[in-house]
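> Sequence:
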Amino acid sequence: VEVEWEPLPVVTDPERGLAPDAPLIHPEWGDNVAVAFRVELGDAARALREAPVVVRRRLRMQRYAGMPMEPRGVLAEPDSRGGLRVWASTQVPHWLQRVLAEALGVPAHRVRVVAPDVGGGFGTKCSIYPEDLLIPILAAALGRPVKWIETRHEHLQSATHSREQLHEVELGATREGTILALRDRFLLDQGAYNPWGIVQPYNTVGHMLGPFRIRNFSVEARSVVTNKTPHAPYRGAGRPEAVFVMDRIADALARELGLDPAAVRRLNFVRPEELPYDVGLLYRDGQPLVYDSADFPATLEAALRAVGYEEFRRAQPALRARGVWRGVGLSAYVEGTGVGPYEGAAVRLDPTGRAVVATGACSQGQGHETVFAQIAADALGCALADVSVTGGDTAAIAFGIGTFASRSLVLAGNAVAEAAGRVRERVIGAAARLLEASPADLEVADGRVFVRGASDRALSFARVIQGCLPTFAGPGAAEPVFEATVYHSVPTVTYASAVHAAVVEVDLDTGQVRLLRYVVAHDCGRVVNPTIVEGQVHGGVAQGIGGGLHEEIRYDDAGHLLTTTFMEYHVPAASEVPPIETVHLEFPSPRNPLGVKGLGEGGAVSPPAAIAGAVEDALAPLGVAVTELPVTAPGLFALLQAQGGGRAPGGAAMPPSAERGGPWGQEERLKLGHLGSSDPGTPFARSSSA
1 VEVEWEPLPV VTDPERGLAP DAPLIHPEWG DNVAVAFRVE LGDAARALRE APVVVRRRLR
61 MQRYAGMPME PRGVLAEPDS RGGLRVWAST QVPHWLQRVL AEALGVPAHR VRVVAPDVGG
121 GFGTKCSIYP EDLLIPILAA ALGRPVKWIE TRHEHLQSAT HSREQLHEVE LGATREGTIL
181 ALRDRFLLDQ GAYNPWGIVQ PYNTVGHMLG PFRIRNFSVE ARSVVTNKTP HAPYRGAGRP
241 EAVFVMDRIA DALARELGLD PAAVRRLNFV RPEELPYDVG LLYRDGQPLV YDSADFPATL
301 EAALRAVGYE EFRRAQPALR ARGVWRGVGL SAYVEGTGVG PYEGAAVRLD PTGRAVVATG
361 ACSQGQGHET VFAQIAADAL GCALADVSVT GGDTAAIAFG IGTFASRSLV LAGNAVAEAA
421 GRVRERVIGA AARLLEASPA DLEVADGRVF VRGASDRALS FARVIQGCLP TFAGPGAAEP
481 VFEATVYHSV PTVTYASAVH AAVVEVDLDT GQVRLLRYVV AHDCGRVVNP TIVEGQVHGG
541 VAQGIGGGLH EEIRYDDAGH LLTTTFMEYH VPAASEVPPI ETVHLEFPSP RNPLGVKGLG
601 EGGAVSPPAA IAGAVEDALA PLGVAVTELP VTAPGLFALL QAQGGGRAPG GAAMPPSAER
661 GGPWGQEERL KLGHLGSSDP GTPFARSSSA
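Using my numbering, the letters of the sequence shown map in sequence onto residues 1 to 690.
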């Protein structure tokens with residue numbers, strides 16, 4: 001067989017993809033723009049024109065992605081009744097069940113999908129991949145089991161990537177440091193396809209203001225397709241990019257005015273008396289973006305105290321005099337968590353009186369089994385050891401959405417609490433008949449129902465159940481139905497928040513950055529299990545450190561992937577992650593009965609920005625501005641060597657790429673490419689008075 005081919009031209013740079021002569025990834029589109037929109041709040045253009053101080057930056061966050069310990073995998077086995085059992089390393093088993101049933105042309109109940117203990121997901125496994133369908137289809141066609149396990153090389157090459165945004169941002173302020181306006185234009189490198197629509201870029205827009213009080217805001221966003229692996233959510237999903245932009249430009253303002261970065265934040269954070277605070281935009285669920293509960297200034301002060309901020313500032317000049325270049329960086333976020341519309345839970349008692357909980361949420365290491373068991377045990381009035389939890393099995397509960405977007409505790413947790421509460425009421429009702437007492441006089445504890453003030457008149461859950469079962473003598477005391485299923489829904493999200501502080505030391509001779517301390521002061525609403533909360537924060541921070549200092553997926557100009565193993569793609573080792581100090585603040589959410597907020601993604605959101613700020617602070621006397629990630633030793637060394645080169649606004653040195661023109665010409669008209677509209681209006685903004 002002889003084959004001749006001619007390589008087609010490629011696009012590996014979203015800026016290049018916008019050029020009039022750029023090769024078209026999808027010729028039928030007519031351009032390479034997958035998503036484009038504009039958001040307006042107030043009058044940013046006017047506020048910037050009139051602002052006494054304006055700072056500008058060109059900022060880039062690199063492409064990187066989730067690297068779970070367990071790569072993707074699928075095992076499919078036909079059963080003897082014409083059904084199909086599928087075990088998949090996925091975050092969305094019910095979604096996969098529906099897609100498989102449609103692909104196979106069979107009823108959904110004929111396809112059972114199980115997501116067993118999954119070794120990490122991080123958003124990378126909440127998409128449906130070709131292998132998720134091909135392996136079960138092949139098993140059904142062959143009538144025998146088929147298994148596929150992804151290699152690490154395959155994961156780096158074909159599992160979805162994330163991040164990679166380029167921003168041109170400007171901020172206007174008074175000379176005292178009050179922020180008047182923020183305007184941003186950014187490109188997202190979408191890769192070859194767009195599996196998640198507007199989610200990623202709009203998450204960036206919706207989270208950019210964070211805890212800052214800014215009433216004039218303008219953003220133009222574009223997702224541009226390139227010859228790369230598709231872009232999809234990864235832990236944080238657009239939020240780390242937003243926070244990086246906001247914190248970098250806030251630090252630029254502090255430098256321009258000669259203020260401490262903490263002072264700029266103190267001056268501009270939303271005050272607790274302003275909550276609930278209407279940002280003036282819509283969240284991506286279409287509801288008003290209104291912060292429900294928090295105390296952003298208190299969270300900031302908690303982080304500053306924990307890291308010893310004032311003491312560090314007093315010691316910093318002496319350190320520099322000795323040639324020790326240390327800096328501290330701050331980053332703050334407000335994150336929408338608990339994305340709906342629903343998640344379900346079923347709770348039932350077995351004949352021994354023990355509780356069995358099933359939920360549509362599926363664990364990839366978050367500790368669902370412990371937390372949901374705690375919630376059920378508290379609501380039922382039984383021991384934690386008497387509760388077992390099943391998740392990620394479509395045979396255990398009919399409907400579910402899955403685990404992603406920091407949603408499981410808010411939705412599945414409240415569903416468990418409500419379902420367990422209903423079962424408790426049924427136990428009390430049955431026990432009242434058996435004990436010949438009023439339900440109002442009964443109490444429940446340790447899996448027993450007893451008459452208040454008469455503890456000898458008591459029945460175990462098992463005895464209550466037995467007393468309700470029919471016998472040859474007749475029916476039981478009550479109908480033996482001790483189960484309930486609840487699908488908890490929410491109209492919109494609840495908002496978690498945090499302030500991170502990083503302390504670094506920079507070696508001027510090599511550009512090497514050493515992370516000395518890392519502090520997180522955070523609010524996730526009511527803390528159900530402090531140990532699991534710590535674990536979630538620590539894991540997220542470790543991944544964020546990777547994004548700040550190490551990880552980057554790179555392609556050459558011909559579109560060849562260069563980072564194909566962990567030899568080229570550097571995931572931080574345990575020795576590169578310092579002890580993480582956590583301060584818990586609890587501001588319960590009024591939007592759900594448990595008062596909880598999501599936590600799964602928050603730890604990964606702020607580290608890149610905090611680390612960049614710390615490096616810039618360490619090198620402030622040298623005029624270095626950190627505008628690109630990751631902050632690697634070669635990159636930082638090049639910045640240090642380029643001090644005689646171009647100067648950025650405010651006198652800070654920037655990489656040569658910052659001297660180029662912006663990603664769009666000033667005269668270029670924004671259009672809503674491939675969104676079903678040619679109106680360049682503001683479909684995702686609300687008026688500031690709304």
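Hints were generated in silico from the structure; no laboratory data involved. Backbone N, C-alpha and C fix where the C-beta goes; we use that ideal spot for every residue, glycine too. Some hints could be false.
[Stated by the list, open to error] If you anchor each label on the Cβ, the simulated ranges turn out as follows:
1. R433 to G535: 41 to 51 Å
2. P593 to I137: 34 to 44 Å
3. H26 to R320: 49 to 59 Å
4. D441 to G535: 40 to 50 Å
5. E568 to V1: 45 to 55 Å
6. P116 to G258: 35 to 45 Å
7. A633 to E483: 19 to 29 Å
8. P593 to L508: 51 to 61 Å
9. A445 to E586: 38 to 48 Å
10. Q287 to V571: 33 to 43 Å
11. V1 to I137: 24 to 34 Å
12. R452 to G82: 48 to 58 Å
13. P7 to R320: 44 to 54 Å
> Would you mind marking each hint as holding or not holding in the structure?
A quick look at each hint next to the structure:
| no. | hint | verdict |
| --- | --- | --- |
| 1 | R433 to G535: 41 to 51 Å | holds, 45 Å |
| 2 | P593 to I137: 34 to 44 Å | holds, 42 Å |
| 3 | H26 to R320: 49 to 59 Å | holds, 53 Å |
| 4 | D441 to G535: 40 to 50 Å | holds, 42 Å |
| 5 | E568 to V1: 45 to 55 Å | violated, 33 Å |
| 6 | P116 to G258: 35 to 45 Å | violated, 57 Å |
| 7 | A633 to E483: 19 to 29 Å | violated, 59 Å |
| 8 | P593 to L508: 51 to 61 Å | holds, 55 Å |
| 9 | A445 to E586: 38 to 48 Å | violated, 25 Å |
| 10 | Q287 to V571: 33 to 43 Å | holds, 37 Å |
| 11 | V1 to I137: 24 to 34 Å | holds, 28 Å |
| 12 | R452 to G82: 48 to 58 Å | holds, 55 Å |
| 13 | P7 to R320: 44 to 54 Å | holds, 52 Å |
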